[in-house]
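S.K.: Take the two lone chains and join them into the complex the hints point to.
Protein chains in written order, with this note's numbering: chain A, 56 to 205; chain B, 152 to 234.
Derived by calculation from the structure, the hints in this document are not laboratory data. Just so you know, not all the hints are guaranteed correct.
[What the hints assert, rightly or not] Ranges between beta-carbon positions, derived for each pair:
1. B:Ala179 <-> A:Leu91: 49 to 55 Å
2. B:Gly181 <-> A:Ala163: 52 to 58 Å
3. A:Ser83 <-> B:Glu222: 51 to 57 Å
[To be verified] A few chain B residues facing chain A, derived, Cβ under 8 Å:
4. Thr172
5. Gly181
6. Ile182
7. Ile188
8. Ala189
Glycine is no exception: its CB is placed at the ideal position from the N, C-alpha and C atoms.
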Amino acid sequence: MSFREKSAWASLASLLIVYVPYFAIVLSRPRISVVLAAFIVAVVVQVILLVLAHVVFAVSSSEVRTRGERPRRDERDIAIELRSFKTSSLILGGGVMIWCFAALAGTALRRGTNLATEDAVFACQVLFAGFVLANLAYYATQVIGYRRTS
Amino acid sequence: MAKTIIHNRIRALRFAKDEMTQQALADAVGITRQTVIALEKGKYYPSLELAFRIAAAFGEPLEAVFQFEPEPAAKPRPGRGVL
Chain A
56 MSFREKSAWA SLASLLIVYV PYFAIVLSRP RISVVLAAFI VAVVVQVILL VLAHVVFAVS
116 SSEVRTRGER PRRDERDIAI ELRSFKTSSL ILGGGVMIWC FAALAGTALR RGTNLATEDA
176 VFACQVLFAG FVLANLAYYA TQVIGYRRTS
Chain B
152 MAKTIIHNRI RALRFAKDEM TQQALADAVG ITRQTVIALE KGKYYPSLEL AFRIAAAFGE
212 PLEAVFQFEP EPAAKPRPGR GVL
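For reference, chain B alone in the conformation it holds in the complex (with noise of 0.2 Å):
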């Protein structure tokens, strides 16, 4: 299976936000600041409850802050295609 990547506007949003801290996001959505560090460095993916309440913390769907971006499969190496 291809490894897949999640990008996120976290970091963009709360500048657009008044400027929110990462601790005024983390305890509007019950998380801890580490870990609104590691999402928006990209080094933990959130579950779909924490990616939803983040979007809602921002007044914005899911998918504006939340980009799924699979990696494309692996190409098959020249002549060792199936005979």
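One chain only, chain A, in its complex shape (with noise of 0.2 Å):
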């Protein structure tokens, strides 16, 4: 397995494993102080792991160990890549796009509480999670071009 993909991998597990208890707390409307710490928490979490992970590969890795070159891009992992960037800009333009539709129709259409006006919070992390499944979905896609082509 390439440190390209290792990355990837390590990189889609963080994401679950940080923003799936995160969005648990967040959505279940909590106070905004939890949300806040709940926020810094998820984003140190993540940062330490994804650190440790590529440490841990660097070190394992024998081209970086031994040669101390470093990781090497090739034309697969540019292809993988754009293939990746190509369904995460979908996921995340078509996630801005329905937040839009529903916090325009919800103002327009009643003046009660809506995705924009009532709820600024939960509205935030609501496009929040469209950012974190159009990142979740870019690496979901390198691990499969990955696996597709080894």
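M.R.: Here's what the structure looks like:
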């Protein structure tokens, strides 16, 4: 398994480990202080997990350890990455469009509770969930691309 | 459009060239060993530039390393031709 594939696996795993419990907490509409704390903890934990994983991969890679080279990135890596960008950008774009439509339609049709005006914290989390989902799709597509061609 | 298949003789040529390792070939052409494995298994088709670089690494012409084989187009079903 190449360094890049391991990196994609680690990124996918860290997103699932960190953001599944995160969204379970914040989408249950707790107090804003809990949401803020959960957000900071999630970001810090994910950064720590990714740094640790990449240090382990670098140390275990003969390319890096014995020859002191940076992990190579070739045309197959770039092709897989481009396909992943395409998938994740579609999900991100679709998510933003749906969010905007829901917010606008909610504002226009009902003057009560809706995504944009009544619960800004919840609305932010829904938008953030779209971003995380796009990232999940990005790394999942990379992992699938690597598995298919190995 | 008919599906195309590109065969290659990378594995055979590596063994013919003093049992060159996958890593040695990868280093020679600037790709990862995993990409060499994918190429040998036919799971990844190289760009034209990479194909030329691989052929040059073996000192062979391109067509001695890669063979292009278009799949035959599907035959029209009997009785469904244009009237």
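S.K.: Holds or violated: the hint that B:Gly181 contacts chain A, with Cβ atoms closer than 8 Å.
M.R.: Check passed: Cβ of B:Gly181 comes within 7 Å of chain A, closer than 8 Å.
S.K.: Is 52 to 58 Å respected by the C-beta to C-beta distance linking B:Gly181 and A:Ala163?
M.R.: Given range 52 to 58 Å: holds, Cβ gap about 56 Å.
S.K.: Do the numbers back the hint for B:Thr172, that is, is its least Cβ distance to chain A under 8 Å?
M.R.: violated, 13 Å
S.K.: Starting from the hint 49 to 55 Å, judge whether the C-beta atoms of B:Ala179 and A:Leu91 obey it.
M.R.: holds, 53 Å
S.K.: Against chain A, run the beta carbon of B:Ile188 and see if the smallest gap drops under 8 Å.
M.R.: Constraint on B:Ile188 satisfied, holds at 6 Å.
S.K.: For the hint on B:Ile182, does the least C-beta distance to chain A fall short of 8 Å?
M.R.: holds, 4 Å
S.K.: For the hint on B:Ala189, just tell me whether its beta-carbon gets within less than 8 Å of chain A.
M.R.: Holds, because the Cβ-Cβ distance from B:Ala189 to chain A comes to roughly 4 Å (cut-off 8 Å).
S.K.: Within 51 to 57 Å: is that where the Cβ-Cβ distance between A:Ser83 and B:Glu222 falls?
M.R.: holds, 54 Å
Hint violations for this structure: number 4 only, all remaining hints satisfied.
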